[in-house]
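Given these sequences and hints, build the entire structure.
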Amino acid sequence: ETGVTQTPRHLVMGMTNKKSLKCEQHLGHNAMYWYKQSAKKPLELMFVYNFKEQTENNSVPSRFSPECPNSSHLFLHLHTLQPEDSALYLCASSQESSGANTGELFFGEGSRLTVL
Amino acid sequence: RKEVEQDPGPFNVPEGATVAFNCTYSNSASQSFFWYRQDCRKEPKLLMSVYSSGNEDGRFTAQLNRASQYISLLIRDSKLSDSATYLCVVKGVANSGYALNFGKGTSLLVTP
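Sequence order for the protein chains is A and B. Oh and the first sequence: position 106 is 106 in the working numbering, straight run, nothing missing. Oh and the second sequence: position 21 is 21 in the working numbering, straight run, nothing missing.
No lab work stands behind these hints, which were simulated from the structure alone. Wrong hints could be hidden among the right ones.
Claimed, not checked - DSS-like, lysine-lysine: derived pairs with alpha carbons at most 27 Å apart:
| no. | chain 1 | residue 1 | chain 2 | residue 2 |
| --- | --- | --- | --- | --- |
| 1 | A | 52 | B | 45 |
| 2 | B | 79 | B | 45 |
| 3 | B | 104 | B | 79 |
| 4 | A | 19 | B | 2 |
| 5 | A | 41 | B | 42 |
| 6 | A | 19 | B | 91 |
| 7 | A | 40 | B | 42 |
| 8 | A | 22 | B | 2 |
| 9 | A | 19 | B | 79 |
| 10 | A | 22 | B | 104 |
| 11 | A | 22 | B | 79 |
| 12 | A | 52 | B | 79 |
Below is the structure:
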């Protein structure tokens, strides 16, 4: 069982819908991430939260809105998405200490999103 | 220029073969390097870090050439279970320090 759980695993939504993706990590980590994985493209970093503070927003359109209420939970709120936003959205967590980074991200199994 | 470039493959090799993957990165100030593995329809998982002196973990050997900005992964005595996509990952200095840049991945299929 993965230490990072994502729900829902699959989501189909229309362009006018509002939905949210949820991520929970049970590893005691202090950093959480959203990545987007599209076919034939590398993983794209979307957002980084460290100790609940957003430290990175990688030029993501405002139709994606992250929320990190505590260090164990991360949400991605979705509204008025486009068909090209269809992808696998991966949540990850890591333990950061004074900027040291072992490079080990622990990923959830992802939420596969289809926008019609 | 992409930050991390890999040959997407696929590499089709027979069991027992030795196979090597290469990766180049664009930011000469990058400091940390990794190989991740992603099985079909699964999440990526850390395979191994890559150190300047080169490092080995069982059948897997990773090497880094900073001068050429080049990373490699060698798999010896391939097993069927090695079939996966191998992602080259570089820690981007321009970022906050907490995020990693992924290559598109190299697909490996080991056949009986």
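Q) If you draw a straight line from the CA of residue 19/A to the CA of residue 91/B, is it 27 Å or shorter? A) Measuring from Cα to Cα gives roughly 32 Å; hence the hint is violated.
Q: Verify the proposed pairing of residue 22/A with residue 79/B, using a straight-line Cα cut of 27 Å.
A: Status violated; Cα separation ~36 Å.
Q) Does residue 45/B lie within 27 Å of residue 79/B when you go C-alpha to C-alpha? A) Given pair residue 79/B, residue 45/B holds - Cα atoms ~18 Å apart, limit 27 Å.
Q: Assess, step by step, whether the Cα of residue 52/A is no farther than 27 Å from the Cα of residue 79/B, and give holds or violated.
A: Distance of about 42 Å is beyond 27 Å: violated.
(Q) Hinted pair, alpha-carbon criterion (27 Å max): residue 40/A, residue 42/B. Please report holds or violated. (A) Distance ~16 Å between residue 40/A and residue 42/B Cα, so the pair holds.
Q.
Hinted pair, alpha-carbon criterion (27 Å max): residue 19/A, residue 79/B. Please report holds or violated.
A. This hinted pair is violated, its Cα atoms lying about 42 Å apart.
Q: Given the hint that residue 22/A pairs with residue 2/B, test it: the Cα-Cα distance must not exceed 27 Å.
A: With Cα atoms ~30 Å apart, residue 22/A and residue 2/B exceed 27 Å; violated.
**Q.** Given hint residue 42/B paired with residue 41/A - CA-CA distance at most 27 Å
**A.** holds, 16 Å
Q: Verify the proposed pairing of residue 22/A with residue 104/B, using a straight-line Cα cut of 27 Å.
A: holds, 25 Å
Q: Sort out whether residue 2/B lies within 27 Å of residue 19/A, counting only the CA atoms.
A: violated, 32 Å
Q | Given pair status - residue 79/B, residue 104/B, alpha carbons within 27 Å | A | Satisfied, since the Cα-Cα distance of roughly 23 Å is no more than 27 Å.
Q.
Just to be careful, I want the Cα atoms of residue 52/A and residue 45/B compared with a cutoff of 27 Å; is the pair within it?
A. holds, 24 Å
This entry does not satisfy hints 4, 6, 8, 9, 11, 12, going by the numbered hints stated previously.
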